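Trainee: Below, each chain spelled out in residue letters.
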Amino acid sequence: MVTIKVYSTPTCPYCRMVKDFLKQNKIEFEDIDVAADVEAAKEMVAKSGQMAVPVLDIDGTIIVGADLRAIKRALNLGG
Amino acid sequence: MYDLIIIGAGPAGITATIYAARKKLNFLVIAKNIGGQAALSADVENYTGYQYITGLELAKKFEEHMKEFKMEVKEGEEVVGVEKIDGTIKVKTDRGAYESKTLIIATGARSRTLDVPGEKEFKNRGVTYCATCDAPLFANMDVAVIGGGNSALDATLQLIKIANKIYLININPSFRGDDVMIEKVEKSDKVVTLYNTKTLEILGDKMVTGIRLEKEGQQKILDVRGVFIEIGYVANSDLVANLVELNRRGEVVVDEHCKTNVPGIFAAGDVSNVPYKQIIVAAGEGAKAALSAYEYLSRLRWPA
Chain U
1 MVTIKVYSTP
11 TCPYCRMVKD
21 FLKQNKIEFE
31 DIDVAADVEA
41 AKEMVAKSGQ
51 MAVPVLDIDG
61 TIIVGADLRA
71 IKRALNLGG
Chain V
1 MYDLIIIGAG
11 PAGITATIYA
21 ARKKLNFLVI
31 AKNIGGQAAL
41 SADVENYTGY
51 QYITGLELAK
61 KFEEHMKEFK
71 MEVKEGEEVV
81 GVEKIDGTIK
91 VKTDRGAYES
101 KTLIIATGAR
111 SRTLDVPGEK
121 EFKNRGVTYC
131 ATCDAPLFAN
141 MDVAVIGGGN
151 SALDATLQLI
161 KIANKIYLIN
171 INPSFRGDDV
181 MIEKVEKSDK
191 VVTLYNTKTL
201 EILGDKMVTG
211 IRLEKEGQQK
221 ILDVRGVFIE
231 IGYVANSDLV
241 ANLVELNRRG
251 EVVVDEHCKT
261 NVPGIFAAGD
271 VSNVPYKQII
281 VAAGEGAKAA
291 LSAYEYLSRL
301 RWPA
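Residue numbers (our numbering), protein chains in the order written: chain U, 1 to 79; chain V, 1 to 304.
For the record, the hints were derived by calculation from the structure and aren't laboratory data. Fair warning: this is a prediction, and the values are worked out from it, not measured in the lab. Not one of these hints is a red herring.
With a cut-off of at most 27 Å between alpha-carbon atoms, the simulated DSSO-like pairs for lysine-lysine come out as follows:
hint, chain 1, residue 1, chain 2, residue 2
1, U, Lys23, U, Lys42
2, V, Lys206, V, Lys120
3, V, Lys206, U, Lys5
4, V, Lys32, V, Lys60
5, V, Lys123, U, Lys42
6, V, Lys74, U, Lys72
7, U, Lys42, V, Lys161
8, U, Lys26, V, Lys61
9, U, Lys5, V, Lys123
10, V, Lys74, U, Lys23
11, U, Lys42, V, Lys165
12, V, Lys60, U, Lys23
13, U, Lys72, V, Lys92
14, V, Lys70, V, Lys90
15, V, Lys70, U, Lys23
16, V, Lys61, U, Lys23
17, U, Lys19, V, Lys32
18, U, Lys26, V, Lys32
19, U, Lys47, U, Lys19
The following block holds chain V by itself, in its conformation from the complex (with noise of 0.2 Å):
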């Protein structure tokens, strides 16, 4: 049996393994990837110690520290379930079942879909969820950005220095967005922005051809071939929906040290409820969890 098994090796993942290698526990990781969305964002410009990093060279920094510790990882291996029974915690996997006294959830979030006709078939079609993997592809058509925060602007930003045109689509009136990524998307000639714009659908034959918008009361149909949808994310708790309290947005609830309500199962990172969804937050809390879980296993062994 482990001392700790964590899911996930993003930001947070990656952290606690560092911080349970250092503390010479006997762990597993499981991980469909190692980088987690970290690797997604473009440019990452508020991690300490880095003026001007990518996320993917960020990835890669954490994946080579974590590499420094020996330790058991199951890389692309997919968990399917997680239960607790008599104190142990049981996570089975698409190849295999193992055991621990701990666990940390770390398994992150995802794009948040915008459910509305078209976007599904349309999904790698014109549709994506990742500009920074896709937006070269689009070089010199025109786009519509869909959102209103960081990951909209960092899109827009990407895809300024190749797409055409650019429509901004933004279902409230303001952005929220850090304002020195807002000053450089209204500075770009290249950018429409269009606020209080609902998405109604998305049109297309084999490809995307254009979006039917709302404003007002009012709808309006926009020629692009590429619909960039960054509306946020969703958390990665359904494994464990049926395990530990979730809030109304499907996190996992945490306390400040990422205790979960089930003693011995902690979650750290964008999975849980702690605010602000940034790589700095999530690692920070990864370290938490860990050290966390050390507390509770030192007080399985010598109770008071």
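Bound-form chain U, shown alone (with noise of 0.2 Å):
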């Protein structure tokens, strides 16, 4: 079982993408809103390098951006 966090806004328009998306396909996740918690934002700067959401952590891997060729690739979910 992959664990998958996802930090995101609640205004992001990318992330309600990629949220979307793992609802599609009935995957869970843990919904990480870095709007609300401060401390969530900066371990999501430092997985990532990165001060942009969505950012996906599937199991180590990171994912920035709603990429969802990359998210369905770590997913083994084909396409």
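With the hints as a guide, bring the two chains together.
Mentor: Quick look at the structure:
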């Protein structure tokens, strides 16, 4: 079972795109709102080396942005 | 062969789909994402029927409305080429090829870049083009917003709630934006506005640390952690640049019926030369383009 963290902000459309994609594929994830949690925001920047949302942490694989293809690859969903 | 292919699903493309569906056209929608730039606006207060709605919510409403109708949508598919051969429009994507009698180009626009040193290097490392997405990451920091129109004012208003100090850097002597927004920005004691000021360089090591500016021949450096670039848009017309006429700004030239210079090819929304890049304008143009395509198809069937 992979653990997935999605670092996002509530207003970010690309974040919604990623979360909708995971929900459609019935993949569970932890939704971390970095707008509400400053520590989580720092953790995200440290992990990704970037200041941009969304960031996905899929068992240590970091994906920045709504890169659905990279997400599919990381989750072996094909495509 | 389809009657119609619509490329893009922002306000223009989505509205075109609704009109095309109600005309029972056999059509296909190809879009990188659904919602387009509309979803990136923070607050929308000028879309008739909504006194206030966020861009994201409005985009969701558009999508819901679109999905009321049965239609074929290729979401996430990227168009790589468009041509017209012997009256048939051929659209090639990264995953397939499709043919149609008519085409609506509704590919919208993307953020214009400053083209200064440091901009590319520090993209997503302090430099951002999406205030709606990334503003919360700059809590209690000093940031700069570059631009002089509504997008820059919108970004500044979002940052007032979040950042410590906001330098609003305008290359012009005044703002061209809505007076309501200008007033709100001027009222805030968090905002320092610099007019007639050019951005020369974005500085940093791992992340952005500052910007170098020039005003009246004098250079100075401001320490900031974030740089929000909001200097307007460039039409996403690269795909059709060799197919239809573009103006000097790279926008697809259309007439009042959304017709391009190529019969059967229409354009709508921010990609076109229609003035005022507004969600409501784009939506209206999408409706016109679909009706215009319908009329064109009717003439193909029953030539006068």
